[in-house]
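> Just need the whole structure built from these sequences, with the hints factored in.
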Amino acid sequence: MRERSRCIICGELIRNGVKQFCDWCQDPKIEEILKKLVDDVDSLLQQANRIDVQTNPMFSLIADLGILGLRHPLLASFSKVIAILINEGGKGVRRFKISTLRHGQKDIKTFIMMLHDFGLVIYDDMKDEITVPDQSLLLKIKHELEVEPRRNPVAAFALGYVTLKSILKTLELAKQRRVEYGEGVTGLYSVTKDMTGKLKFIMPKSYMTTLAFVLGYWAKGVIEFSELDIHRFMVDRGITGKEFSEVLATLSCAFATTHALYERVSVEHIGRYPIHRFKLNEEYAKLYERIRMRGRI
Amino acid sequence: MIIYSTDVQLSNDRCWICGYKKVTRSEMVLLPYLCSWCSREQIVTLINDIITDAEEHLNQGELGRCEDIDTLSFIADIGELGIRHPYLNQFSRILSTMAVQLALEHRYTFDKLLKVVDGGNVPTKMIRVYECITFLRDVGLLEDGEGRYIYERYKPSSLLLDLTASVEVVDVEKGLPPRVAGCITGYAWLRGISATINWLKEGAKGGSKGIAKLYPRSEDGKLLIPKLFTAPTMYMLGYLASGYNEFSEDELRAWLNPRGISGNDANFIVNLLARVIPSNHRLINPFYDGHAYHFKFNISYIRMRERYRERRRGRSTT
Numbered sequence: 101m102r103e104r105s106r107c108i109i110c111g112e113l114i115r116n117g118v119k120q121f122c123d124w125c126q127d128p129k130i131e132e133i134l135k136k137l138v139d140d141v142d143s144l145l146q147q148a149n150r151i152d153v154q155t156n157p158m159f160s161l162i163a164d165l166g167i168l169g170l171r172h173p174l175l176a177s178f179s180k181v182i183a184i185l186i187n188e189g190g191k192g193v194r195r196f197k198i199s200t201l202r203h204g205q206k207d208i209k210t211f212i213m214m215l216h217d218f219g220l221v222i223y224d225d226m227k228d229e230i231t232v233p234d235q236s237l238l239l240k241i242k243h244e245l246e247v248e249p250r251r252n253p254v255a256a257f258a259l260g261y262v263t264l265k266s267i268l269k270t271l272e273l274a275k276q277r278r279v280e281y282g283e284g285v286t287g288l289y290s291v292t293k294d295m296t297g298k299l300k301f302i303m304p305k306s307y308m309t310t311l312a313f314v315l316g317y318w319a320k321g322v323i324e325f326s327e328l329d330i331h332r333f334m335v336d337r338g339i340t341g342k343e344f345s346e347v348l349a350t351l352s353c354a355f356a357t358t359h360a361l362y363e364r365v366s367v368e369h370i371g372r373y374p375i376h377r378f379k380l381n382e383e384y385a386k387l388y389e390r391i392r393m394r395g396r397i
Numbered sequence: 253m254i255i256y257s258t259d260v261q262l263s264n265d266r267c268w269i270c271g272y273k274k275v276t277r278s279e280m281v282l283l284p285y286l287c288s289w290c291s292r293e294q295i296v297t298l299i300n301d302i303i304t305d306a307e308e309h310l311n312q313g314e315l316g317r318c319e320d321i322d323t324l325s326f327i328a329d330i331g332e333l334g335i336r337h338p339y340l341n342q343f344s345r346i347l348s349t350m351a352v353q354l355a356l357e358h359r360y361t362f363d364k365l366l367k368v369v370d371g372g373n374v375p376t377k378m379i380r381v382y383e384c385i386t387f388l389r390d391v392g393l394l395e396d397g398e399g400r401y402i403y404e405r406y407k408p409s410s411l412l413l414d415l416t417a418s419v420e421v422v423d424v425e426k427g428l429p430p431r432v433a434g435c436i437t438g439y440a441w442l443r444g445i446s447a448t449i450n451w452l453k454e455g456a457k458g459g460s461k462g463i464a465k466l467y468p469r470s471e472d473g474k475l476l477i478p479k480l481f482t483a484p485t486m487y488m489l490g491y492l493a494s495g496y497n498e499f500s501e502d503e504l505r506a507w508l509n510p511r512g513i514s515g516n517d518a519n520f521i522v523n524l525l526a527r528v529i530p531s532n533h534r535l536i537n538p539f540y541d542g543h544a545y546h547f548k549f550n551i552s553y554i555r556m557r558e559r560y561r562e563r564r565r566g567r568s569t570t
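If you read the protein sequences in the order shown, they are chains A and B. When you number the first sequence by the numbering used here, it's gap-free, plus one each residue, and the end is 397. When you number the second sequence by the numbering used here, it's gap-free, plus one each residue, and the end is 570.
It should be emphasised that the hints constitute simulated quantities derived from the structure, not laboratory data. Among these hints, one or two may not hold up.
Said to hold, decoys possible - On the chain B side, residues computed to face chain A include the following (Cβ under 8 Å): (1) ASN497; (2) ASP502; (3) ALA506; (4) PRO510; (5) ASP541; (6) HIS546.
By construction, the Cβ of each residue, glycine as well, lies at the ideal position given by its N, Cα and C atoms.
This is how it looks when you write it as structure tokens:
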């Protein structure tokens, strides 16, 4: 019998158990544009003192992608960890015991390791504590929140940045060897044991799949799409029913946490039922063209 | 003697443009012969804008430049969709033959038109030619006149004469070039659709008008809709008029399904639009995302639509 597995980024069922990624996530266009985006953001972060998500489309895009994960139960607890680090770090507290950061989740170590890998914190294994370094992105986010305290999506920037970096790292690692648990994007997974004692890895699929869809369409230059396209993508990855409705509501800004990914969300009567149509924010469409054109030159 | 009646009795359970099957009583009562999609004011406005702009270009004898002028290229693409329809393509042939004959002989004759029309027997062919001639009168390419001959009774309008004057410059002995033929027929289709929408909005009284004149009839005399042409045309006009630039295969199929187009017919439309079936049209650019097609309207047509919008807002003088 053939082994079955799931794509470690978007969760699509892969019949051939040897592969770790689906065709969608393995598309070189995604890796290429993601790499350019992350490189550009890194160089901007080194130069700029502020993370101005209101005016800079790169920062804004990453923050918007981070917002998509805020309603996920697992990632919401990770967001709380980031929130503590931002708030307390801004007040001058730089050392934290891991045990004080847990919010509902038993194990946040893999997530902390992710933050450590991307330089947001320094993890001390011996003392089981973390330190927020002076050059940490989290401190810049705190400064930005002090400048613009009301309804600022910059706090979601950290989650979006970490997720995108981890996806990129995963894709790069996969070129050399098989990705193991805890590496790359799998740092966002949780592990439990089932009734038989077998280890079970649970990925935050509704976030990762939405992110893969949004990122994939953006990387392919698609500006407009509809609920039917999202539905087909989600059903292939096992997201249906209420979970799908949640994803749709998140994308169409039906919840309080609003993003600016789509400038036009309209309802059309295609067929007999009304469906949502989405049009990508013009700023992000221009950003895509800018990154793509620079690559050509 | 041929007894031919143009009076039709339409049922209110479907849209007589795109073929949408209505299921609720309110749909049948509120919009008796049209669906909510085809009755949109935006579509009618877009069609009228295209027709007005196209007439300006055609009157200036720019038919030969139909590749370069976006409006003419768009109507040529619509004509191309019509040429692909198994029933409507004979009317495209009639119009092309008429244009060629007018260009060469300054008149058209019934016998030449009869040669290009489909049909098992001469009476059927004559009816179809007659339908086409009255359709061309409806869309303004022919006018009522007096005389013994058909080209005197239904004389070419100044627009058709301008068109034929433009086609004289090309080698018409072998027939019209496909894009030029598509441009002339596309213009007729669009005007026909506009005339039919107006006729249906006014309650479908009297004989059919516009493109409905060309609709085929079943053996028991019922009117049939050439949906393989009208449905994708209305779909794209609707999308373009709504300000959208892209759509996907899934959306197209979901839209076609309540119009009774599924299976091989839907595949035909998708493949025609994606140019898997060889075609000259440039309406949309297909892109395959691994699961289905994603279509983007030709950037020239998006600009054309924006130009019309700007004109209506009064922000532009061109």
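> Broken hints, numbered, in rising order?
Nothing - there is no hint that the structure violates, so all of them hold.
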